[in-house]
Amino acid sequence: MKNFYEIRLSGSGGQGLITMGMIMGEAAALFDHKYVVQTQSYGPEARGGACKAELIISNSRVNNPKPITVDILLTLSQPAYDKYIPDVKPGGIVIIDSSLVKYKKGKGVYPLPITTFAEKDIGLKVTANVVALGIICSLTKVVSYNALERALLNRIPPGTENINKKALSFGKSLKFKDNI
Amino acid sequence: MLFYKLYKDEQGRKVGFLQGNEACLEAALIAGLKFFAGYPITPSSEIAAVAAEKLPMYGGRFIQMEDELSSMAAIVGASMTGKKTMTATSGPGFSLKQENLGYACLNEVPCVIVNVQRGGPSTGLPTQVSQGDVMQAKWGSHGDHPIIALSPSSVQEVVELTIQAFNFAEQYRNPVVLLMDETVAHMREKIVFPLAEETEIINRHHSEVDPQKYKPFDTSFGDIPPFENFGSEYRYFITGLIHDEYGYPTTKPLEVKNLLDRIHRKINDHTQQLSLFEQYQTEDAETLIISYGSPVRSCLGAMEAGRKKGMKIGVLQLKTIWPFNPEIFTKLPSKIKNIYVVELNMGQLILEIERVIKRKVNIQGINKYDGLFISDQEILKYLEQQQGKKS
Amino acid sequence: MMQDIIHQYLRPSKKFPHVWCPGCGDGIVLSAIVRAIHSLGKSKNETVLVSGIGCSSRAPVYVDFPALHGTHGRALAFATGIKMANPELTVVVITGDGDGLAIGGNHFIHACRRNIDITAVVFNNSIYGMTGGQYSPTMKVNDYGATAPYGNIERPFDVCDLASAAGANFVARATAYHAIMLEKFIKMGIAKKGLSIIDVITPCPTLYSFYNKAGKNIDMMESIRDRTITIQKAEQLSDAEKEDKIVVGIFANRDFPEYTGIYSDLMERAKRSVKDEELL
Chain G
1 MKNFYEIRLS
11 GSGGQGLITM
21 GMIMGEAAAL
31 FDHKYVVQTQ
41 SYGPEARGGA
51 CKAELIISNS
61 RVNNPKPITV
71 DILLTLSQPA
81 YDKYIPDVKP
91 GGIVIIDSSL
101 VKYKKGKGVY
111 PLPITTFAEK
121 DIGLKVTANV
131 VALGIICSLT
141 KVVSYNALER
151 ALLNRIPPGT
161 ENINKKALSF
171 GKSLKFKDNI
Chain Z
1001 MLFYKLYKDE
1011 QGRKVGFLQG
1021 NEACLEAALI
1031 AGLKFFAGYP
1041 ITPSSEIAAV
1051 AAEKLPMYGG
1061 RFIQMEDELS
1071 SMAAIVGASM
1081 TGKKTMTATS
1091 GPGFSLKQEN
1101 LGYACLNEVP
1111 CVIVNVQRGG
1121 PSTGLPTQVS
1131 QGDVMQAKWG
1141 SHGDHPIIAL
1151 SPSSVQEVVE
1161 LTIQAFNFAE
1171 QYRNPVVLLM
1181 DETVAHMREK
1191 IVFPLAEETE
1201 IINRHHSEVD
1211 PQKYKPFDTS
1221 FGDIPPFENF
1231 GSEYRYFITG
1241 LIHDEYGYPT
1251 TKPLEVKNLL
1261 DRIHRKINDH
1271 TQQLSLFEQY
1281 QTEDAETLII
1291 SYGSPVRSCL
1301 GAMEAGRKKG
1311 MKIGVLQLKT
1321 IWPFNPEIFT
1331 KLPSKIKNIY
1341 VVELNMGQLI
1351 LEIERVIKRK
1361 VNIQGINKYD
1371 GLFISDQEIL
1381 KYLEQQQGKK
1391 S
Chain X
2001 MMQDIIHQYL
2011 RPSKKFPHVW
2021 CPGCGDGIVL
2031 SAIVRAIHSL
2041 GKSKNETVLV
2051 SGIGCSSRAP
2061 VYVDFPALHG
2071 THGRALAFAT
2081 GIKMANPELT
2091 VVVITGDGDG
2101 LAIGGNHFIH
2111 ACRRNIDITA
2121 VVFNNSIYGM
2131 TGGQYSPTMK
2141 VNDYGATAPY
2151 GNIERPFDVC
2161 DLASAAGANF
2171 VARATAYHAI
2181 MLEKFIKMGI
2191 AKKGLSIIDV
2201 ITPCPTLYSF
2211 YNKAGKNIDM
2221 MESIRDRTIT
2231 IQKAEQLSDA
2241 EKEDKIVVGI
2251 FANRDFPEYT
2261 GIYSDLMERA
2271 KRSVKDEELL
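Residue numbers (our numbering), protein chains in the order written: chain G, 1 to 180; chain Z, 1001 to 1391; chain X, 2001 to 2280.
Bound conformation, chain G alone (with noise of 0.2 Å):
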């Protein structure tokens, strides 16, 4: 794994990028100790149009707390996809919910159905962006998967722990490959 990792989380407005991109910190930061800064869209911005969380996840203090390009991508709308798939770097991964987004294939691009996954096999669309989590923690090994359902445990609706578990657990099984 590399020692220094640019992240951005991107989608609409109410996908819980947010809530992501804080979890995600909380379990780098706390549990698995590492270096994190997490910032994320404000205002209008926030609450429609192409939302995003960002992390940058290091082994040595991070200096500059805004990613410029990104080493991961994950895009759950079309808007985000078209507005930051220019930042990848190159032999970033990008993960796509192909559900809800039109993409264009290469090498590290990874496709997957996330909100059809969260609607018919979690049974609740709104844990498409803890699947997300589950997807990112297992392709990308940049969080562990304990600290990261550590983390969602502590920040969710009291009496969801079953669901969110299943959704987190679910994303990290996924078998995928890049789609070239």
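Please keep in mind that the hints were generated in silico from the structure rather than gathered at the bench. Ideal placement from N, C-alpha and C gives every residue a C-beta, glycine not left out. There's no promise every hint is true.
To be verified - Chain Z residues, not near chain X, derived (Cβ > 12 Å throughout):
#1 Asp1009
#2 Glu1010
#3 His1243
#4 Thr1271
#5 Thr1330
#6 Ser1334
Claimed, not checked - Below 27 Å or equal to it, Euclidean Cα-Cα: the simulated DSS-like pairs (lysine-lysine) are:
#7 G/Lys120 to G/Lys66
#8 G/Lys2 to Z/Lys1309
#9 G/Lys165 to X/Lys2275
Keeping the supplied structure of chain G fixed, place chains Z and X upon it in accordance with the hints.
Below, chains Z and X alone, put in the same frame as chain G:
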């Protein structure tokens, strides 16, 4: 609703993954905050939201006032009862706070004003970063008045400087401005809160004089008069008019001059104690980058990357902006030939730096004011271009 | 006897004379405030006076209470902070019609809405005295002022209607002429939990009189006396008949919950929700 959770580490210290705004209020509670009044404004809103939730849990009180003017007035009033008080705002609100900030300076009322800087002027760029209020923090209220202003570059520094802000306010009987910026206010980082025994908490000093003989602005105790609470046996009057030692209005030239001299002297004579700064790799530096607030992070990034390329770069971070400490600059290592001042404004603090550096050295501003944060690459690129020009 | 009480409350360290013009009504109103506080047995230490800017707002400097002479219009805002930070204190605000209703108008309505336990006495002379006789938000239409040389074209606020509509628990009007009634209303206001507004019609025999040819203090006092009617009497008159009248009495006396009390209940609820941090 709180969007963070606090844990304890093995030493019993509270830790968490918090935004600068959230950390600011948590640190204020450690410092002894008991009253917060505010008005909603981006990008400072989270501070008030956390205050509303947490203060009443620990015996404090929160109020959302009808505007920024009244929230500043309310914290001054509350401070008069002996409580530690705070408000938080951003540029447009900071403009409105100036009225009663001046009142607090004149009456030497301890309080903390957080200004999470956003792009200006006017409504400007509500969700985007800026450091355009540096001079406003010093000169924003009318008339000569003393001010202390601190500026953090990380969430951990938000904790450190928030506690420091309360301590300075109490110790010097003066309002303290915590000049945050949108970047540091909204980014999340791991923070560790100090244990009680690791934290020095300063409370305002009281007099032991006979209440009949008490003067709220008594100069016989030195430049910082002891403070007594409204509601105690000490009854006195304060006013926004220039006042004598009793607090009564005066227009006598000598009393006017003495008062203004003293309230400035009490800060200026303690510039060294108030001056917080960090130096990174300045010993052998030929190029010095000076900055404060969140851009310091990018300066450090540029320094690290530049040194890998053989450039002898050092960074000077100012945590205390006001009072401005000229001694830091007159004592800079003599090897330094180039100074770059990185600011997210059109060049404000550079004016002070240029004013105090007497020796011949190249001073330039690296300024960004398009609403975006400045990256380490941008700074390094600028430095390389300048070096290229010279060689 | 009345003088004896007042003398007990003058600041020992403050040297007179005061700033008010001969014949000004402000001293009468201040005296009524002091007598009301005295008769309620309030301690000097725990009664805080807060004022804004203007002739009336100078009042707290003369009397021996902890006092904050604030900025223009903000008296209720400073007072709100004081009362919130220490709800045990009795807080009395001294303000004028310009200070309280123009520049401080926003604070006025919101203090009423919150119904915080503060008593505000509005020294209402319908003119800005300190700055030279400009028209205020309570000046009648067609009265004159330095900035109303052709007669005032703005309709005035009725301070009591405004305070009642905004939610204050106790709202009353008296005049500087009716000093005993005034003292009674201030006393009732301080005793009342919640926000109390006492609107006091008081003469400015200097600037108001200069612009409106209203005569000397005695003429203005007689005019106030002659124009004053009770609420009951006012109910029997048409709007045209009431035009020039001063309606005195209690306009609101009710028991909406008081703000600091509600906040104390909130604190109890909040304390119960404190959770321990878990070990990392």
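Structure-inconsistent hints, enumerated in ascending order: Violated: hints 1, 2, 3 and 7.
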